[in-house]
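All chains, please: the whole structure from these sequences, using the hints.
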Amino acid sequence: MASNGIKIAIVGGGLAGLAAAMRIAEAGHAVDLFSVVPVKRSHSVCAQGGINGAVNTKGEGDSTWEHFDDTVYGGDFLANQPPAKAMCEMAPSIIFLFDRMGVPFSRTKEGLLDFRRFGGTKHHRTAFAGASTGQQLLYALDEQVRRYEVAGKVRKFEHWEMMSLVLDDAQVCRGLVAMNLQTLELKAFPADAVIMATGGPGLIYGKSTNSMVCTGSAVSACYQQGAKYANGEFIQVHPTSIPGEDKLRLMSESARGEGGRVWVPRKPGDKRAPSSIPESERWYFLEEKFPAYGNLVPRDIATREIFQVCIEGKGVGGENQVYLDLTHIPAETLDRKLGAILEIYEMFVGDDPRHVPMRIFPGVHYSMGGLWVDFDQRTNIPGLLAAGECDYSIHGANRLGANSLVSCVYGGFVAAPAAITYAKNIERNGADGSRIYDQELRKQQEINDALVKQSGNENQYLLHQEMGKWMTDNVTVVRYNDKLKATDNKLLELMDRYKRISINDSNLWATMALPHARHLDNMLELARVITLGALNRNESRGAHYKPEFPERDDEHFLKTTIAEYSGEGPVISYEPVDSSLIPPRKRDYSKPKQEPKHDPAAARPVANV
Amino acid sequence: MSAHVDKTRANRVPPKSVEIHIRRRANPDSPPYWERFELPYRPNLNIISCLMEIQKNPVTMEGTPTTPPVWQANCLEQVCGICTMVINGRARQSCSALIDNLEQPIKLEPMQKFPNIRDLVVDRSQMFDHLKRVNAWIELDGTYDLGPGPRMDQEDVQERYAYSRCMTCGCCLEACPQYDEDNYIGPQAIAQVRLFNMHPSGESTRDQRLEGIMGEDGITNCGNAQNCIQACPMGIPLTRAIYEENRETVVHGLFGWLKK
Chain A
406 MASNGIKIAI VGGGLAGLAA AMRIAEAGHA VDLFSVVPVK RSHSVCAQGG INGAVNTKGE
466 GDSTWEHFDD TVYGGDFLAN QPPAKAMCEM APSIIFLFDR MGVPFSRTKE GLLDFRRFGG
526 TKHHRTAFAG ASTGQQLLYA LDEQVRRYEV AGKVRKFEHW EMMSLVLDDA QVCRGLVAMN
586 LQTLELKAFP ADAVIMATGG PGLIYGKSTN SMVCTGSAVS ACYQQGAKYA NGEFIQVHPT
646 SIPGEDKLRL MSESARGEGG RVWVPRKPGD KRAPSSIPES ERWYFLEEKF PAYGNLVPRD
706 IATREIFQVC IEGKGVGGEN QVYLDLTHIP AETLDRKLGA ILEIYEMFVG DDPRHVPMRI
766 FPGVHYSMGG LWVDFDQRTN IPGLLAAGEC DYSIHGANRL GANSLVSCVY GGFVAAPAAI
826 TYAKNIERNG ADGSRIYDQE LRKQQEINDA LVKQSGNENQ YLLHQEMGKW MTDNVTVVRY
886 NDKLKATDNK LLELMDRYKR ISINDSNLWA TMALPHARHL DNMLELARVI TLGALNRNES
946 RGAHYKPEFP ERDDEHFLKT TIAEYSGEGP VISYEPVDSS LIPPRKRDYS KPKQEPKHDP
1006 AAARPVANV
Chain B
508 MSAHVDKTRA NRVPPKSVEI HIRRRANPDS PPYWERFELP YRPNLNIISC LMEIQKNPVT
568 MEGTPTTPPV WQANCLEQVC GICTMVINGR ARQSCSALID NLEQPIKLEP MQKFPNIRDL
628 VVDRSQMFDH LKRVNAWIEL DGTYDLGPGP RMDQEDVQER YAYSRCMTCG CCLEACPQYD
688 EDNYIGPQAI AQVRLFNMHP SGESTRDQRL EGIMGEDGIT NCGNAQNCIQ ACPMGIPLTR
748 AIYEENRETV VHGLFGWLKK
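Chains as they are written, first to last, in the numbering used here: chain A, 406 to 1014; chain B, 508 to 767.
Hint data in this document are derived by calculation from the structure and do not stem from the laboratory.
The beta carbon of each residue, even a glycine, is placed where N, CA and C say it ideally should be.
Warning: the hint list may mix true and false statements.
A few chain B residues facing chain A, derived, Cβ under 7 Å [unchecked claim]:
id, residue
1, Leu552
2, Cys587
3, Ile589
4, Arg625
5, Val664
6, Thr675
Dumping the calculated DSSO-like pairs for lysine-lysine here, alpha-carbon to alpha-carbon at most 27 Å [as the list claims (entries may be wrong)]:
id, chain 1, residue 1, chain 2, residue 2
7, A, Lys694, A, Lys998
8, B, Lys639, A, Lys412
9, A, Lys561, B, Lys639
10, A, Lys527, A, Lys463
11, B, Lys563, A, Lys895
12, A, Lys998, A, Lys527
This is the structure in structure tokens:
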């Protein structure tokens, strides 16, 4: 494995970042890996239900083409089709690789990988390790990357946060500036290419199912330095979360995949305990409205239905909650297949979901939008790539359950060789090299110094809370143009007030206050991208729903939204979607999906892929 | 992992406020001190939501403005392990520590077995170093497509799954009477040796892992206090791992040289 001194910087140590790191190190090149938390504590651990791949061990005639069709149909045809197809084709081999790494996937009686059903498909296509699949997959990659760390191929910079890219005069990415979160020291790190793998921006909504590190801050910094941001308005609100004071905890779709049923009492405000409400007096509204898919309709649809039921006052006890009921399934089966998520519910709510139906409500969960990338995960900035939730490819207007883990690994596996190829062919900076690093370092230091010095009457945490509330109220499940306009005005007001925040910590050693202030600034910029993208898209598609424009409008909006930064705010434009493989058709989950056209190339047995 | 739910709490009269005492430290070189905070009670609060509340407006119970206490949190679902601290004398995750189940005043302290960075934040990098030492991974031939892994029995998978849930939180080391100043490899790493030694492919590099837990600071330091298994928030059978690996190291110690 010859190395010609290539160094790739990877920002983010979740599934996508570690997948890329492993592949680059395996190819013999050096990796600098940056993460705000030890990589083993990344947000990927929160993924519960499983990872999709059409392995077809259940005799259902599943194929990678069928997976591809489900993904594109579920995403309401907004995804560029070639990368979605490539991901579905790679998916079985990704699952097998994790199997070889020792992930304790659940097994069948013959000792083969077991698969369960998830939303938006009729097939058992989801491999799972209990109900903590994300944790198990992340650990497997963490272990492999640690191997390369011991071998000296990977340097980890944990508790370091990327502040900005280092761009040369030709706007080519030459590395990044990061901040040590203990000392607040800023340092420039030269790299031949940078791969962003920082996950989603859920914290823009205040409370979401995302982890505390999911601010989207580093991605926003890239956007402000010229990276295009695509389809920002497509934010997935997960139908089933557990509302909490500090976050909305996810209740995995696997609960419905294993037979969980969503219902409310037929009589609004019915005060009886759920167990004493007879079947005939329960309204299984998803099963009634969508007989073909029932409780396993895609997330955007389930979310809107639950939201609507609650808005009409038909939620349990008249409140914003519906039942998610597992009590008809034997407790032993539940423990084996869903143990980890039932424990989360029990721990945080205090009821045992094996015996009492869970009370759930939709919560902001995932961003389909992200950094614009081409089919090799390259952004429009030469030398900058992106993979995982922070890029926009694959999921279109709505992501199917258990497609996120596979898309993270796919993105990392495509970005790694693309970054190496790019790095092999670039000319390095000459003697002039250090100037661009010094410049960027100075710029970032000035921002920090100014923040520390300024004193004003605004509280950054309250500003964050206010942004979260406005975004949650107006830029989630149901969107109205007047409210979107008002939200954008509010964001502008918050940006103005941001100039008057003060850092409320006089001790800067390991402070949380300065990093948060930097996040908030970046989150506000990205919040505008999301809001204005939504305002400009006058149709309804996937997760983006406007009652004023209730239909999908392919003529005007079968297009990717592109946001580019300018001093005056995001500049929105559109580019066509590559629908070259499957012609767009109407999504209708009340009926079985039409038989997809079978691609002969996809009919090969999976093991030979 | 078991849910620590007090079923009688519904019958209790809710308190008007929450009183929290925090053991603080400005930096590793300065002395620790205590500060007291009080905030209005709301139902369903956990430690993290209280710390978030204090962060917005850091004023002590006595009305003195202070610096915001520093803490770590990420997933808030007890699966990342980062928010571990000592709460009323017991090391646990602060996200899953519900105020309704805690005796007041609530005492928050940083973990004692790890270097204290500031306030409630400690440096647990030694635990990740242990994972390096015991080769806690499968030696893959390569990440290219070689088809599925070995067939496995669901029962074995379930045992491995239990070990595989370790989130490197450090509760076991904090509770272990033998572990101090990183003098002992500890239950966390030993359980990972078990995880990989049980795997059909992992078995081939079993000996390297065993050598990682032998020696002066190795597995024989276990004093069988069995605190670790009580402390583990994920319910990992740590004492079983120690028993099995102890047996393996003894056999390896006796007969390992025959292979050389």
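Task: Contradicted hints - numbers only - done: none
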